[in-house]
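Engineer: Residues per chain, in single letters:
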Amino acid sequence: GENVEQHPSTLSVQEGDSAVIKCTYSDSASNYFPWYKQELGKGPQLIIDIRSNVGEKKDQRIAVTLNKTAKHFSLHITETQPEDSAVYFCAATNDYKLSFGAGTTVTVRA
Amino acid sequence: EAQVTQNPRYLITVTGKKLTVTCSQNMNHEYMSWYRQDPGLGLRQIYYSMNVEVTDKGDVPEGYKVSRKEKRNFPLILESPSPNQTSLYFCASSLSQGSYEQYFGPGTRLTVT
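Line order of the protein sequences matches chains A and B.
For what it's worth, our numbering labels the leading residue of the first sequence as 18, then goes sequentially.
For what it's worth, our numbering labels the leading residue of the second sequence as 32, then goes sequentially.
Chain A on its own, in the form it takes in the complex (with noise of 0.2 Å):
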C-alpha cells in the first residue's frame, strides 16, 4: 500500500518567515495529493490539493509543489502570520485509498 512520509514533524518559524513542509509517497500511482490544516480542537480541513498533471499551484500565501519522478511533493507558506500556527498534513491517494503523513505541527512566533 501507499506509504507517506512527512517532515520535519515540527517546524517553527518567524512571523513573516517562510515555511516549507516535504512529504515522499511510495505508490507510483498516485495522483491526487492534499494538503490538511488542523487547527486546536479541531477537525483536518482541505487548504490546498495538486493532481499529478501539475507541477505546482497556488493559492495566496500557500503553494504546493509535485516532483512525480521523485515522488515527493512540498507545501510551502509565505510571509507567514500567527493563525498559520496548526498541524499540517500532506496525503496522497490513487483513487482508492487515501494515506497521510504523521502531520507538521507549525508554530509562529510573534
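Note that these hints are calculated values from the structure, not bench results.
These figures come from a predicted structure and were not determined experimentally.
Even glycine gets a Cβ: it sits at the ideal position worked out from N, Cα and C.
Check before you lean on any hint, since a few could be wrong.
Stated by the list, open to error - These stretches of chain B come out as covered by chain A in the derived footprint (C-beta under 8 Å, 3 or more residues):
id	region
1	67 to 78
2	126 to 138
Claimed, not checked - Heads up, simulated DSS-like pairs for lysine-lysine below, C-alpha to C-alpha not over 27 Å straight-line:
id	chain 1	residue 1	chain 2	residue 2
3	A	88	A	75
4	A	59	A	85
5	A	88	A	39
6	A	88	A	114
7	A	85	A	54
8	B	88	B	48
9	B	88	A	59
10	B	49	A	39
11	A	114	B	48
12	B	102	A	59
13	A	114	A	85
14	A	114	B	102
15	A	88	A	54
16	A	54	B	48
17	A	54	A	75
18	B	48	B	96
19	B	100	A	114
20	B	100	B	49
21	A	114	A	39
22	A	114	B	96
23	A	114	A	54
24	B	102	A	85
25	A	59	A	75
26	A	85	A	75
27	B	48	B	100
28	B	49	B	96
29	A	39	A	54
With the hints as your guide, set chain B onto chain A.
Structural biologist: Positioned in the frame of chain A, the structure of chain B alone reads:
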C-alpha cells in the same frame, strides 16, 4: 450549513464497556470514513464505506465495527474497548472515494481506563 457531526465529543469509559460514536453528514456524500489520530502516527483509517450497506476495513480495523444503514450516518462501535483504543477519532465524508475533498467532523476524544 454543510457539516459532519460527531457525538459525543469527549468520552471516558472503562475497559470492556461497549460504546458507540455517532457520525452524521448532511451533504449527501457517498463515501464516509473513520480515522484515529495518535501522536506521531498521523491519521490512520479504521473503516470506510463507499455507500449504504457497503463497508470495508482500513489500516487499523481490529477492535472496531461499523455499519451504514442510511447514507447520512456511519456509527463507530467499540464492543469491548481496551486502553490501546484511547485516541482522538475523526469521522469524514466525501462525494465519492478517491480524489475528492474529505470533510472532517470535530473529533471525539476517547479515554479507556
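Engineer: State for each hint whether it applies.
Structural biologist: Hints versus structure:
By the rule of at least three residues with a Cβ nearer than 8 Å to a Cβ of chain A, the coverage given for the region 67 to 78 of chain B holds, with 6 such residues. With 9 residues having a Cβ less than 8 Å from any Cβ of chain A, the region 126 to 138 of chain B passes the three-residue criterion, so the hint holds. As the CA atoms of residue 88 of chain A and residue 75 of chain A are separated by approximately 19 Å, the hinted pair is consistent with the 27 Å bound. About 32 Å separates the Cα atoms of residue 59 of chain A and residue 85 of chain A, which puts this hinted pair outside 27 Å; it is violated.
In summary, the hint linking residue 88 of chain A to residue 39 of chain A is supported, as the alpha carbons are separated by about 11 Å, within the 27 Å threshold. For a cut-off of 27 Å, the pair hint linking residue 88 of chain A to residue 114 of chain A stands: about 17 Å separates their Cα positions. A hinted pair counts as satisfied when its Cα atoms are at most 27 Å apart, and residue 85 of chain A with residue 54 of chain A qualifies at roughly 23 Å. With a CA separation close to 23 Å, the supplied pair residue 88 of chain B and residue 48 of chain B stays within the 27 Å bound.
Restraint check: the Cα-Cα separation between residue 88 of chain B and residue 59 of chain A comes to about 25 Å, which is no more than 27 Å; the hinted pair holds. A distance of roughly 40 Å separates the Cα atoms of residue 49 of chain B and residue 39 of chain A; the hinted pair therefore is violated under the 27 Å criterion. Using a Cα cut-off of 27 Å, the hinted pair residue 114 of chain A and residue 48 of chain B is violated, with the two alpha carbons roughly 31 Å apart. For the suggested pair residue 102 of chain B and residue 59 of chain A, the alpha carbons sit about 24 Å apart, so the restraint of at most 27 Å is met.
The hinted pair formed by residue 114 of chain A and residue 85 of chain A meets the criterion: a straight-line CA distance of about 18 Å does not exceed 27 Å. Using a Cα cut-off of 27 Å, the hinted pair residue 114 of chain A and residue 102 of chain B holds, with the two alpha carbons roughly 20 Å apart. About 22 Å separates the Cα atoms of residue 88 of chain A and residue 54 of chain A, which keeps this hinted pair within 27 Å; it holds. For a cut-off of 27 Å, the pair hint linking residue 54 of chain A to residue 48 of chain B is broken: about 34 Å separates their Cα positions.
The straight-line distance between the Cα atoms of residue 54 of chain A and residue 75 of chain A is roughly 16 Å, inside the 27 Å bound, and the hint therefore holds. Proximity of residue 48 of chain B to residue 96 of chain B is assessed by CA-CA distance (about 14 Å); at most 27 Å being required, the pair is judged to hold. With a C-alpha separation of about 22 Å, the suggested pair residue 100 of chain B and residue 114 of chain A falls inside the 27 Å cut-off, and the hint holds. Straight-line distance between C-alpha atoms of residue 100 of chain B and residue 49 of chain B comes to about 20 Å, which keeps the hinted pair within the 27 Å bound.
Distance hint between residue 114 of chain A and residue 39 of chain A is fulfilled; the C-alpha atoms sit about 20 Å from each other, no more than 27 Å. About 19 Å separates the Cα atoms of residue 114 of chain A and residue 96 of chain B, which keeps this hinted pair within 27 Å; it holds. Annotation: proposed proximity of residue 114 of chain A to residue 54 of chain A holds, straight-line Cα distance about 19 Å (limit 27 Å). At most 27 Å may separate the alpha-carbon atoms for a hinted pair to count; residue 102 of chain B and residue 85 of chain A exceed this at roughly 36 Å.
For the hint pairing residue 59 of chain A with residue 75 of chain A, the CA-to-CA distance comes to about 25 Å; that is within 27 Å, so the pair holds. With a C-alpha separation of about 18 Å, the suggested pairing of residue 85 of chain A with residue 75 of chain A holds against the 27 Å cut-off. A threshold of 27 Å between alpha carbons decides the hint, and for residue 48 of chain B with residue 100 of chain B the separation of about 23 Å falls inside it, so the pair holds. Proposed proximity of residue 49 of chain B and residue 96 of chain B is supported: the alpha carbons are some 11 Å apart, at most 27 Å.
Of the supplied pair hints, the one linking residue 39 of chain A and residue 54 of chain A holds, its CA atoms being roughly 14 Å apart against a limit of 27 Å.
Checked against the numbered hints given earlier, the structure breaks hints 4, 10, 11, 16, 24 and satisfies all the rest.
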